[in-house]
Amino acid sequence: FIRSKKNSRINQLNSEKITFFCTGDLTKIKKIDYQFSGIECVINCAARAHVLNKEKHLENKYIDKLINIERNIIRNIKNKNIRIIHISTSKIINIKKNKNHKTTDLYTRAKLESEKLIKENFKNYIILRPPLIYGPEVKANFLFLMNIINWNIPLPFYKLNNARSYIYLENFLDIILKIISNKKIRNKTYNVSDGQAVSTYTLCKLISKHLSKKTKFFYVNKKILNFFFKLIGKDDILEKVLGDFIVDSKEIEKDLNWKPKYKIEEGIKKTCFWYKRRFNISK
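With the numbering used here, the residue at position 265 of the sequence shown is 265, and numbering never jumps.
Hints may be right or wrong, so weigh each one.
As the list claims (entries may be wrong) - List time: in silico PhoX-like cross-link candidates among lysine-lysine, alpha-carbon distance up to 25 Å:
(1) Lys91 / Lys216
(2) Lys116 / Lys183
(3) Lys31 / Lys139
(4) Lys254 / Lys178
(5) Lys254 / Lys159
(6) Lys116 / Lys205
(7) Lys188 / Lys261
(8) Lys216 / Lys269
(9) Lys31 / Lys119
(10) Lys178 / Lys240
(11) Lys254 / Lys240
(12) Lys234 / Lys222
(13) Lys31 / Lys91
These aren't lab readings, by the way, just hints derived from the structure by calculation.
All chains, full assembly: derive it from the sequences and hints.
In structure tokens form, the structure reads like this:
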């Protein structure tokens with residue numbers, strides 16, 4: 001297990017007899033002092049998802065810095081026949097629809113360039129494009145949404161009928177394990193999801209139910225919400241909340257003979273169970 005720095009979960013890795021190695025900042029080109037010989041498969045989960053405001057005007061430099069992660073993999077793994085499972089993002093689907101890449105966020109553009117590097121430099125790769133991954137230890141916007149619901153803050157999503165795909169962590173790990181055990185598939189790019197697209201309203205109701213909350217929802221016209229989010233400079237969050245984003249995983253389901261083990265409600269229930277334990281919520 002290779003990561004850029006130590007964190008509080010290192011003790012857990014030790015207890016489970018998982019060997020780990022810390023490299024330092026992977027966005028800087030470096031020699032990794034680790035022997036990759038004898039390793040059959042590399043799973044690249046390394047990424048930096050959030051862009052600091054001071055970096056947004058340095059677009060090309062930021063993207064170039066991010067793909068140094070893949071450059072480090074290429075530079076340090078001499079055996080280009082090694083199997084590599086590269087975790088990308090389903091946001092790339094939108095790039096195919098939108099010819100003007102300048103309107104796509106920097107993280108997604110960097111991921112697209114990373115995919116190209118993997119395809120050009122390895123002879124046995126699988127690229128996975130998940131949507132938002134939720135489950136225990138979830139962070140960022142999903143955790144923020146859970147906090148809001150836990151705090152009983154009313155939400156303006158009443159009967160919002162958009163449709164968005166997600167994937168539960170254990171479903172995603174199950175896909176990776178099946179890929180590792182299936183030597184036949186190679187050099188493929190797959191979109192992956194739970195197979196159920198739900199509205200933001202439905203998602204919030206499920207979280208509310210399994211946090212034992214009675215969240216109040218109210219209706220606000222989409223145009224008003226649109227104006228408000230733009231006013232506070234949060235257009236990106238607006239699209240994530242109100243927009244449709246459906247990820248079709250039929251191809252990987254067919255190739256791996258795979259079906260999600262957990263439906264979205266089961267995944268939300270398990271995530272809420274973790275949340276209650278993590279934040280000492282008694283109910």
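Each hint tested on the structure:
1. Lys91 / Lys216: 31 Å, violated
2. Lys116 / Lys183: Satisfied, since the Cα-Cα distance of roughly 22 Å is no more than 25 Å.
3. Lys31 / Lys139: 30 Å, violated
4. Lys254 / Lys178: Holds: Lys254 and Lys178 sit about 12 Å apart, inside 25 Å.
5. Lys254 / Lys159: 34 Å, violated
6. Lys116 / Lys205: Violated. Lys116 to Lys205 sits at ~39 Å, over the 25 Å cutoff.
7. Lys188 / Lys261: Holds. Lys188 to Lys261 sits at ~22 Å (cutoff 25 Å).
8. Lys216 / Lys269: Since the Cα atoms of Lys216 and Lys269 sit roughly 20 Å apart, the hinted pair holds (cutoff 25 Å).
9. Lys31 / Lys119: Status holds; Cα separation ~22 Å.
10. Lys178 / Lys240: 30 Å, violated
11. Lys254 / Lys240: 28 Å, violated
12. Lys234 / Lys222: Roughly 14 Å between the alpha carbons, so the hint for Lys234 and Lys222 holds.
13. Lys31 / Lys91: With a Cα-Cα distance of about 31 Å, the restraint between Lys31 and Lys91 is violated, given a limit of 25 Å.
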